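Top line first, the protein sequences correspond to chains C and Z. Going by our numbering, the letters in the first sequence line up with residues 18 to 136, in that order. Going by our numbering, the letters in the second sequence line up with residues 18 to 136, in that order.
Simulated from the structure, these hints should not be mistaken for laboratory data. It should be emphasised that the depicted structure is a prediction, and the values quoted were computed from it without experimental measurement. One or more of the hints may lead you astray.
The list treats identical chains as interchangeable, and a pair is accepted whether it falls inside one copy or across any two copies.
Subject to a maximum C-alpha distance of 20 Å in a straight line, what follows is the list of computed DMTMM-like cross-link-like pairs (lysine to aspartate or glutamate) [what the hints assert, rightly or not]:
{"no.": "1", "residue 1": "K61", "residue 2": "D32"}
{"no.": "2", "residue 1": "K47", "residue 2": "E64"}
{"no.": "3", "residue 1": "K54", "residue 2": "E100"}
{"no.": "4", "residue 1": "K21", "residue 2": "E100"}
Protein chains: 2
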Amino acid sequence: MVEKINLAAKLALLDTAYEPGIVGYLNDYKLQVVKVKGPFVWHKHDETDDFFLVIRGRLTIHLRDRDIDLEPGELYVVPRGVEHCPDAAEETEVLLIEPNATVNTGDAGGDMTTEPRML
Amino acid sequence: MVEKINLAAKLALLDTAYEPGIVGYLNDYKLQVVKVKGPFVWHKHDETDDFFLVIRGRLTIHLRDRDIDLEPGELYVVPRGVEHCPDAAEETEVLLIEPNATVNTGDAGGDMTTEPRML
Chain C
18 MVEKINLAAK LALLDTAYEP GIVGYLNDYK LQVVKVKGPF VWHKHDETDD
68 FFLVIRGRLT IHLRDRDIDL EPGELYVVPR GVEHCPDAAE ETEVLLIEPN
118 ATVNTGDAGG DMTTEPRML
Chain Z
18 MVEKINLAAK LALLDTAYEP GIVGYLNDYK LQVVKVKGPF VWHKHDETDD
68 FFLVIRGRLT IHLRDRDIDL EPGELYVVPR GVEHCPDAAE ETEVLLIEPN
118 ATVNTGDAGG DMTTEPRML
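Use the sequences and the hints to build the structure in full.
Quick look at the structure:
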């Protein structure tokens, strides 16, 4: 049976920045929450757009030519193939939606690559 | 150029309940905002799940066997093929995500069937 999802309660289960947790699915898309603090890694997803909605805090998505600054209730969809680097000065909470097969670090790989856990 | 989306600002452009507006796209999914007041129509989507996130107010999604009550920051994904009827006692604002081809009234049709406009 599918239950409702309280995003703040799910985010409270996360200890560490950049360790995403899956809270549900929309068809073949994973609904993830993640805490952001400090810069992530520059990367891109050639096969998919990438949805970010800020729940708490303030998120900057660096693009190569500009920054996207998001407050709670603001969202941004990074187009497929566009290099981006999420960043936050203070701990920030985000809802992230992307296809199930999407790797968090995209084409970049490296130490920050991780599989989301089910929350 | 893709811009950020402030959900409250987009919702302020809507006058009428159950007239959804498109605020962006995630691949072949439409990101819509909609105001809910009073009961919608019972319907189902056999081809897709249906994502609801409450931005403001309080949403009840009636299912045939129970109600899902959602507050701001809470989301629910109605599984494909499951009959549901959104409802709200007071005007409520929602982010709705579903494939581009999805019809708002699903299999039910009728007077509340509408095409979303671009906001």
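Problem - Hints violated by the structure (listed by number, smallest first) - result: 1
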